[in-house]
Amino acid sequence: MFSGIVAGVGIIEHVENRDGGLDLRISTQGLCMEDVKAGDSIAVNGVCLTAVCVEDRYFCAHVSRETLNCTVGLDAEGSCVNLEKALCVNDRLGGHLVSGHVDGVGDVAEFTNLEESWKLRIAVPRSLAKYMVVKGSIAINGVSLTVNNVEGNVCSMNLIPHTLEATTLKELHVGARVNIETDLIARYVERLLQARS
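1 is the number of the first residue of the sequence shown in full-length UniProt numbering; add one for each residue after it.
What the hints contain is simulated information worked out from the structure, not anything from laboratory work.
Misleading hints may appear alongside valid ones.
[Claimed, not checked] In silico SDA-like pairs for lysine to any residue, Cα to Cα no more than 20 Å straight-line:
| hint | residue 1 | residue 2 |
| --- | --- | --- |
| 1 | Lys-170 | Gln-29 |
| 2 | Lys-130 | Val-147 |
| 3 | Lys-37 | Glu-55 |
[As the list claims (entries may be wrong)] Derived DEER-like restraints, expressed as beta-carbon distance ranges:
| hint | residue 1 | residue 2 | range |
| --- | --- | --- | --- |
| 4 | Lys-135 | Pro-161 | 17 to 25 Å |
| 5 | Asp-35 | Glu-116 | 34 to 42 Å |
| 6 | Arg-57 | Arg-18 | 17 to 25 Å |
Since the structure is predicted, the reported quantities are computational estimates derived from the model, not experimental observations.
For each residue, glycine too, the CB sits at the ideal point set by N, CA and C.
Using the sequences and the hints given, assemble the complete structure.
Here it is, written out as structure tokens:
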């Protein structure tokens with residue numbers, strides 16, 4: 001489980017095809033790895049991956065074909081990625097509960113500088129639009145954001161300068177594709193309501 005508060009930006013240093021999926025070597029840059037061991041989970045652009053090898057400044061992970069089929073941004077050598085270590089029980093939950101299981105891929109419809117913040121509009125798959133609510137939570141490439149507006153299948157968020165400085169979201173542009181994870185609680189509520197009917 002994660003919070004959507006990115007702890008560092010890393011770089012996918014090496015990508016290798018294996019068993020229908022990919023083996024990744026990811027440099028961790030400023031992310032402290034002292035308390036991470038093989039078998040631990042790390043969110044990479046919002047995707048929960050298992051670290052199979054851990055060193056001071058990098059870790060390795062295998063990405064299955066299933067994961068590659070429903071995410072973006074894990075197969076590009078040299079690309080920057082948002083990183084977050086799994087939560088500990090005593091950690092602060094500064095964002096919202098993020099599972100690291102991406103629900104789908106969205107498209108950036110607008111990314112506008114408003115001077116004091118940036119307006120980000122994302123077109124999400126229509127099947128996910130029902131989970132978007134004003135003042136609700138969404139994870140974009142692993143970053144916890146608050147939804148400000150919803151129009152059909154397009155949701156809007158405002159990004160403060162700190163969020164841009166601390167994450168890869170500053171690199172977004174119209175047409176960019178992003179990993180979307182909807183609010184976990186909304187999905188549970190839907191399932192409970194379906195079970196009652």
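Check your understanding: How does the Cβ-Cβ distance of Asp-35 and Glu-116 compare with 34 to 42 Å: does it lie in that range?
Key -> At 36 Å between Cβs, range holds.
**Study point:** 20 Å limit on alpha-carbon distance, applied to hinted pair Lys-130 and Val-147
**Key:** Between Lys-130 and Val-147 the Cα gap is close to 13 Å, so the pair holds against 20 Å.
Check your understanding: When you check the alpha-carbon spacing of Lys-37 and Glu-55, does it fall within 20 Å?
Key -> Answer holds: Lys-37 to Glu-55 is near 9 Å, not above 20 Å.
Practice item. Take the C-beta atom of Arg-57 and the C-beta atom of Arg-18, compute their distance, and say whether it sits inside 17 to 25 Å. Key: Between Arg-57 and Arg-18, where Cβ atoms are some 22 Å apart, the hint holds.
**Study point:** Pairwise hint evaluation, Gln-29 against Lys-170, where the allowed Cα distance is 20 Å at most
**Key:** Holds, because 17 Å separates the two Cα atoms, which is no more than 20 Å.
Review point. Is it true that the C-beta distance of Lys-135 to Pro-161 lies inside 17 to 25 Å, as the hint says?
Key: holds (21 Å)
Hint compliance for this structure: no hint is broken.
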